[in-house]
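Chemist: Here the protein sequences come in this chain order: A and B.
Letter 158 of the first sequence, counting from 1, is numbered 158 in this note's numbering, and no numbers are missing.
Letter 275 of the second sequence, counting from 1, is numbered 275 in this note's numbering, and no numbers are missing.
Hints are not guaranteed to be accurate.
Unchecked claim - Restraint-style ranges between C-beta atoms, simulated for each label pair: (1) H184(B) with I44(A): 19 to 29 Å; (2) L312(B) with L23(A): 33 to 43 Å; (3) E52(A) with L208(B): 42 to 52 Å; (4) I263(B) with E52(A): 26 to 36 Å; (5) E52(A) with K242(B): 38 to 48 Å.
To be verified - Part of the chain B face toward chain A, derived, beta carbon under 7 Å: (6) D122; (7) L132; (8) M223; (9) V226.
If you're looking for bench data, these hints aren't it; they were derived computationally from the structure.
Predicted, not measured: the structure shown is a model, and the values here were computed from it.
For each residue, glycine too, the CB sits at the ideal point set by N, CA and C.
So you can see what is in the structure, the chains are spelled out below.
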Amino acid sequence: MEFLTPGTGLLFWQIVIFIGLVLLLSKFAWKPILSSLKEREESIQTALDSAEKAKQEMAALKSDNEKLLKETREERDKILHDARTAANRLHEEAQTSAKKIGDKMIEDAKSIINTEKQAALRDVKAQVAAFSMEIAEKLIKKNLSDDKSQRELTETLIKDLKLN
Amino acid sequence: MTFLILMKKPLLSINSAFLTFILMVSLGFSVSAFAANEVSEGEPEKFNANEVIIEHVLDNHQWHFTDHLVLPLPIIVYSSERGLDAFSSSHFFEGHKGVEYNGYKLEGNSILLASSGEKVLDLSITKNVAMLFINAAVLLFIMISVAKAYKNNSSKAPKGLQSFIEPIVIFVRDEIVKPNIGHHHQKYLPYILTLFFFILFGNLLGLLPGAANLTGNITVTLMLAVLTFLITNLSGNATYWKHILWTPGVPLPLRLIILPVEIMGMFTKPFALTIRLFVAITAGHIVLLSLICMTFIFHSYFVGIGASIAVLFISLIEILVAGIQAYVFALFTALYIGMATAEDHH
Chain A
1 MEFLTPGTGL
11 LFWQIVIFIG
21 LVLLLSKFAW
31 KPILSSLKER
41 EESIQTALDS
51 AEKAKQEMAA
61 LKSDNEKLLK
71 ETREERDKIL
81 HDARTAANRL
91 HEEAQTSAKK
101 IGDKMIEDAK
111 SIINTEKQAA
121 LRDVKAQVAA
131 FSMEIAEKLI
141 KKNLSDDKSQ
151 RELTETLIKD
161 LKLN
Chain B
1 MTFLILMKKP
11 LLSINSAFLT
21 FILMVSLGFS
31 VSAFAANEVS
41 EGEPEKFNAN
51 EVIIEHVLDN
61 HQWHFTDHLV
71 LPLPIIVYSS
81 ERGLDAFSSS
91 HFFEGHKGVE
101 YNGYKLEGNS
111 ILLASSGEKV
121 LDLSITKNVA
131 MLFINAAVLL
141 FIMISVAKAY
151 KNNSSKAPKG
161 LQSFIEPIVI
171 FVRDEIVKPN
181 IGHHHQKYLP
191 YILTLFFFIL
201 FGNLLGLLPG
211 AANLTGNITV
221 TLMLAVLTFL
231 ITNLSGNATY
241 WKHILWTPGV
251 PLPLRLIILP
261 VEIMGMFTKP
271 FALTIRLFVA
281 ITAGHIVLLS
291 LICMTFIFHS
301 YFVGIGASIA
311 VLFISLIEIL
321 VAGIQAYVFA
331 LFTALYIGMA
341 TAEDHH
């Protein structure tokens, strides 16, 4: 029966030691161990979460990038197209205006040439007239240097008058 | 919850029953062998297996390693007549026979006043108390060094002792305490962890050669069970008490039966805890010692070799039992606390 009878001394020490053990271990062992375990579990969890988040962000970023790239490409195409049409237009405009200017210049030149020509013709005419007068004068002077020829002329002139 | 207990109990009692069966067989065997020995030969120094085993299993005022290596332990006694007294137990064992010392005498394991024969309050450091100190010291040393490792080694993978203790702590937290107690578990975790490791270390240290049978002592298991009983009932909520005192959904005549059963149930729980651990560990020790003693009873090499092999395997089983019993004690404690603190689901 000694098996089943609790010993007073052992009971006393057991109470003292076990309760002391619970208090000491709670304060110096379980608290730090459990808190570090929890901390570690939480840090692992947050690391996993943030990795997942980063993955999603990466995916979002990638699709954003692709969208952006697509937009940029479209814009580039549009700009190129615009530039090409603008260049074409400018080219045509330049061509037309150059032609216009050329035509105008040709016309101007023509008119100037005409006026110059007219002026020159007038000049030539005047000079021809002057030369003719001079020649006529000289001819007349020579022809009418004697009396006989003066009479003849007078007679012809009178004849003309009479005829008229 | 109750179903779980019902499921688990038979399994454990099979384990204990098996051990008890072996204990009975081997005890009976060794006793009869011893008896035969006594009758046939009149040797000068007879080997008494019964005495050896019982002496080992019980508490003692000296630590008996071998016949030539006995550690005397301090005796601390208090009596109203003589006050507090402390002296070495070696005074009682001078000349291998109990002698009186300083007005005290030792009878069996209890100390009496020599004059009146009255019992005194014995607070001696007995073998089991010394074992208790060693257990507590080992526990404190290991756990505090592990805790330090967490501080010095924070945010790194655990190593060494830390990586041995950590999975056990996590196991106790996640498999024993959390599922049974629920969201209040943080409050009870330190107690159940201490309980688990105290029993585990006590069981394992008790298996060392020469060690005392601390967790197989009914005083120790009783104290642990009573502590669990107190914690359970002090943290019991209204639902728990209502279930015991006025079980819902039971017709009035039946209450006359249910109430005593429920109240008895309060006390059978710690009783079962006490007996289960005590029996499992003590039985293991007795089995091992019986097997070892067989060698000395038979004086035969064959028996010696056979017994050694058997002891080897039983020791392995005992290591398993050490873990199982610590687990079971912690599990039931968590279960009882969980039942007492569970919210009403009706």
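Chemist: Indicate, hint by hint, whether the structure satisfies it.
Modeler: Here is how each hint holds up against the structure:
Distance hint check: the CB atoms of H184(B) and I44(A) are about 25 Å apart, consistent with the given range 19 to 29 Å. Evaluation of the 33 to 43 Å hint for L312(B) and L23(A) yields a pass: the beta carbon distance comes to about 39 Å. The hinted window of 42 to 52 Å between E52(A) and L208(B) holds, with their beta carbons roughly 50 Å apart. The beta-carbon spacing between I263(B) and E52(A), approximately 54 Å, falls outside the hinted interval of 26 to 36 Å.
At roughly 46 Å, the beta-carbon separation of E52(A) and K242(B) lies within the given 38 to 48 Å, and the hint holds. A hinted interface residue such as D122(B) counts as satisfied when its beta carbon comes closer than 7 Å to some beta carbon of chain A; here the least separation is about 5 Å, so the hint holds. A distance limit of 7 Å between C-beta atoms decides the matter here; for L132(B) the minimum to chain A is near 5 Å, and the interface restraint holds. Hint status for M223(B): holds, given a least beta-carbon distance of 5 Å to chain A, under 7 Å.
The restraint placing V226(B) at the interface with chain A is violated, with a minimum CB-CB distance near 9 Å, outside the 7 Å limit.
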